[in-house]
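Asks: Residue numbers (the working numbering), protein chains in the order written: chain X, 26 to 300; chain L, 80 to 406; chain S, -19 to 244.
If you're looking for bench data, these hints aren't it; they were derived computationally from the structure. Where hints are given, some of them may not hold.
[Claimed, not checked] Which chain L residues face chain S? A few, computed with CB under 8 angstroms, are given here:
1. W97
2. P224
3. Y359
Glycine included, C-beta positions come from ideal geometry on N, C-alpha and C.
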Amino acid sequence: MSEKVPGTSPLGMPLLTVENLSVTYRQDGAPVRAVDGVSFAIEPGEVLALVGESGSGKSSVALALARLLPPMASVSGRVMLSEADLLDAPEATLRAIRGGTIAYVFQDPAASLNPVLTIGEQLVEMLTRHTPLRGRDAERAAVEWLGRMGIASAAERLHAYPHEFSGGMQQRVCLAMALCASPSLLVADEPTTALDVTVQVAILRLLRELQRRLGLAVLLISHDLLVVERLAHRIGIMAGGRLVELGPAEQVLRRPAHDQTKLLLRARAAMTLRR
Amino acid sequence: MSGYLVRRLIGLVPVLLWITVISFGIIHLAPGKPTDAAMSFNPKVSLEARQRMELLYGLDQPVHVQYVAWLRRLARLDFGRSFLDDRPVTAKIVERLPITLMINLLSLALILAVTIPLGVVAAARPHGLFDRLTTVFVFIGYSTPSFWLALLCMAFFGVHLRWLPVSGIHSLDHESFPLLRQWLDLAWHLALPVGIAAFVSLAGMSRYARASMVDILRQDYIRCARAKGLPASRVLFHHGLRNALLPVITILGLSLPDLIGGSVIAETIFSIPGMGRLFYEAVMARDYPVVMALVTIGAVLTMLGNLLADLAYAYADPRIRVGPSTS
Amino acid sequence: MAKNRLTVCGGVVLLLLALVAGAAPWLSPHDPLQVNLPDALLPPSAAYPLGTDQLGRDVLSRLLYGTRISLLIGFIAVGIAVVIGTGIGAIAGFYGGWVDAILMRFVDTMLSIPTIFLLLSIIAVLGPSIQVVMAVIGLTSWMGVARLVRAELLSLKEREFVLAARVLGASPVRLITRHLLPNAMAPVVVSATLGVGGAILTESVLSYLGLGVQPPTPSWGNILNEGRIALGVAWWLTVSPGVCILMTVLAFNLLGEGLRERYK
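Excised from the complex, chain X in its bound form (with noise of 0.2 angstroms):
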């Protein structure tokens, strides 16, 4: 497949808009405003990344794209794809959307995969859903995707529990299981926070040559510019659940406008030993 360069989209339509999007949890005490006002849109092939601290508003933004927030969470705003707003349209319409064309993978792989089921099971449920794959065929489809995704044996881990893997081998399998119905869109809320430092490089370089591959868009939501650096075509840095700056990439870290960039870049700085 051909390398795409973001924003030359045969229609010249971003994949997906987020208009005043603003996230307000009720829980016992006062409602909090998780999401204040967010507005950004991604072309097709093109990779967003959300930074900010904890508590910024960054996860809750990638899950309300595709309605994914708990109950206790109100919505408002737009989110643009094509012609429909996902925040208004049926129920129905969001499932087969979810995987289908918006497909996420989280923070904790372990415990993104249900530990009663193989992962078999699970990648080939996915593929039922949303492809017109089944049995054998849906298997073998399983199979390839386990490989592309760099495991090994992959015929034989088919029956294999979560539990039996190591951290980074369950994230290969999510994602696995977030592409193997070819979405536009992935949405990758912290990847790698939760992996060893030396599986972090692993999984970014494979996040990597599956975007280039596979021409998908991604949002990638992290606290660590180190880790969007190398992946991002233009960064948005959230605050307060504010979006503060939004730009491309070489810009945002070279030339940062608002405080918070400055701050995060120096926090990043201040990571890297000098001798």
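Let chain X serve as the given structure and place chains L and S on it in line with the hints.
Replies: For chains L and S alone, kept in the frame of chain X given last:
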């Protein structure tokens, strides 16, 4: 998994020993000989029978010698003879065991059939109307004396409405019924006792099933399943319930003693000829061999039930069945 | 929140019960022990607000005095259970190792024997009376407390303030009583509150079976037992004692659950 089984079995041995110590110890708590009380309650027991029993049980021997003698008889499943009618205790128990087991198994089935769907529906919409109604119901049920409920049911369904029988497990002329009708007659008679025996456990288990389900539904893999675009029913049952059942199995195992004990009340109130009622009658008549035997057997049954529950859990949870990672 | 209101409700009901129990002599229209055969099995009326039993005794008065018995037995039985349970749990949790193993096996055993079997067999041996009932319920319900205390101690004893006290040379007894137990008591209080409800239920079962509080002393359970014979005829003998038990146990359960939510 076989290693797990072996370890569990070995762990049972000290518990078994403790059970025998407790059963034996209880009876010998009273001052005087265990046979004294039986005598004063039961003039039917003659002097010769009493002397025979004292010799047989070695009641003139020191306590620890008696204990060892009792243990040896236990190993042969010889529980002695009843003070009341001098029949072997084992025979009396064997007669009654099937009925009690049947009532308990039916209770268990009823509990599972009610609490699991209840828990699932309540957890699917926490704090919704169904959930709140169920919680109220459960709280009240938890606080209701089961024997009182039995009396009310007897008065209402049995006497007032005449829908259900209130005693025994057969109608008087059941011998003449065709087989199907005999089964139905049995079911009809067992309806109230099984319901009452299940009642108390029902309340507690419903709460637990709901809590377990709510806990599971909060897990990441449920959110992941939703993010995969799976229909709500599949997320709830295929992903959610299968995990929620695991702790439910454990709790079921832990509620076995109450279940077995519950049959005492149910059988006594509804005049069912089971082990529970045998126990009650033995207690009232101070028939100690029967009492000791039933305490021991009751405890052993519970232990076996717990073992079964543990094994079921170990089998159902791949993390235990398959063992840790082999990669 | 509604939950809080329910908890307060439970507490209020209990206070009322305590008042009723204390003021029973003044609140009762008749002497609960006064036999009056001509007036046997009368339905509720002005003279006898809840009717009479088969010996002509006023049911209302007997119920009021029964409150005393229930509360007394409930509290003392739970007191015994807490003392035993805390003791065993503390020793097991503090010393760990084989002491813990043996004690926990004992706890497992006690939990394996159906409670009713234990209760009835001990009462069979010692004979039924209020003291025996209190002792026996206490002796069969300490296991939950023991496990709770043991769990708390196992985790607490690794904490810094304990290590500090040890370094200063505190003796095991002092460590347990001064430092560890006070921090472990919250779940025990919850368990005890719920336990009183359970103890009252158990006492009513025992009295109903004739192995608890012996007549003529009125207990809600034995009033139900005496009312059993007249089941179809005298509904007031069956309904009112049961309602008393239900309300009391429900109140303790609501209070206990409310405390549990608070302390979580």
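Asks: Please verify that hint: W97 of chain L, Cβ, nearest Cβ of chain S, below 8 angstroms or not.
Replies: holds, 4 angstroms
Asks: With a cut-off of 8 angstroms, does the beta carbon of P224 of chain L approach a beta carbon of chain S closely enough for the hint to hold?
Replies: With a minimum Cβ separation of about 5 angstroms from chain S (threshold 8 angstroms), the hint on P224 of chain L holds.
Asks: Against chain S, run the beta carbon of Y359 of chain L and see if the smallest gap drops under 8 angstroms.
Replies: Holds, because the Cβ-Cβ distance from Y359 of chain L to chain S comes to roughly 7 angstroms (cut-off 8 angstroms).
When held up to the earlier numbered hints, the structure conflicts with none and fits them all.
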